[in-house]
Amino acid sequence: MNSPVTEAELQAWVDGQLKPARQGAVNDYLAQHPDQQARLQSYRAANAALRARYQPVLDEAIPPRLQQRPAANDGWWRPLRAAAMLALTVAGGAAGWWLHELMPGAAAPSQAIASLANLPQRAAVAHVVYTPEVKHPVEVTADQEQHLVAWLSKRLGAQVHAPQLGALGYELVGGRLLPGQSGPVAQFMYHDASGARLTLYVSTEQKANSETGFRFAQEGEVAVFYWIDGKFGYALSGQLPKAALGKIADAVYAQLEPGA
Amino acid sequence: MADPSASLIACLPRLRRYARALLGERASADDLVQDTMERGWRKLASWRAGSDMRAWLFGIMHNLHVDQLRQPALPTAPLDETDENALPLAAPAMEPGSSLALRDLDAALQQLPPEQRSVLLLVALEEMTYDEVAIALDIPLGTVMSRLSRGRERLRLLMQGQAAPAALKVVK
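Taken in order, these protein sequences are the chains called D and E. Going by the numbering used here, the first residue of the first sequence is number 1, and it counts up by one from there. Going by the numbering used here, the first residue of the second sequence is number 1001, and it counts up by one from there.
Bound-form chain D, shown alone (with noise of 0.2 Å):
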């Protein structure tokens, strides 16, 4: 019954999870303990003053950041945060290119292997950043279609096509110029009747491959297909199975043959 008092019986007694069985025991040690009555009074004053001391913390207005809620499929941080990992990734890319550059006599099938392995990166990061787009996905909508394709090809110095996805519920809503590793690349802009994004990145910015069959990769959550033909670097990307995904790459490789 009555048992030595525990050092766990003591901490319990400071902060009052002791068993009321034990609480006499310990009355009755404590009376006899001055030094240890004294300890333990020591150790709820300190929890009184922790409490006081990050009680404010609780009444203080929550950020914003910390409330937000990821999308209920999926969390949109995600593509967002692989698309910051990215742009790294690119940025490196690019500086190794330009130490390339300083160094005469560098590989240069190297630089061509680093040039089609960001394509996929780059048109993922593209992607990313302008499917989100409520107000301005696209610099020119589909309704100018003429127009767009006409600008693009004479920005890109090679004759674009916007292929038509129709028979496979994408409609092109419209493309836009961007910046590519070198000069300008474009970017088509599709959606499905739910309003699903695909995109497909055009580039023209391949010197040394002449051709290769479609390669897959998944960046986060943006699945992209692409391929080499002659000097155009093509990439559909969207958050899609690659079944999916492959079907549709399909049709816009049919389109863009050179001759279809």
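Because the hints were derived from the structure by calculation, they are not lab data.
Some chain D residues judged to face chain E by a derived CB distance under 7 Å, without partners named:
id, residue
1, 7
2, 8
3, 11
4, 42
5, 46
6, 50
7, 53
8, 57
9, 58
10, 66
A short list of chain E residues far from chain D (calculated; beta carbon distances all over 12 Å):
id, residue
11, 1052
12, 1060
13, 1070
14, 1111
15, 1114
16, 1139
17, 1161
The model shown is predicted, which means the values in this text are computed figures rather than measured ones. Heads up, the beta-carbon is just placed ideally off N, CA and C, and yes, glycines get one too.
Put chain E on the given structure of chain D with help from the hints.
Quick look at chain E alone, frame taken from chain D:
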């Protein structure tokens, strides 16, 4: 049963208070809260309805904090050279208006080993039961009790300006 999203939001003020005391500084504390909330929202589906949301969230925060501590070189509390002036000097920048005594409390808290600080704050500030602390931190009850005991004693000595080096050796 309350809506889990509402319960999550309801924990915010307490998470902020705990993080502030744990880290001693507002910006990094709120960063930790934000990371905790993001993970909380994402894992909300895996939270078992009926279990203690608060312990669950504090556990998430604890894990994130431990990860943070591991990344940079462990911010080991300087073993004060029994210099009585070490304490005020080591005080982190505080919001204006806080008195010297409060600043001392913040500074002393920051000098506790993190594992002792967590336990002490969950008990003293959050007023969790020892069992709840064991669940939130995923440690045995005995470890909760020994960390609590050591952390308290160390805090008391620090506040008296005499963090005994001998007490430091006791830690694990």
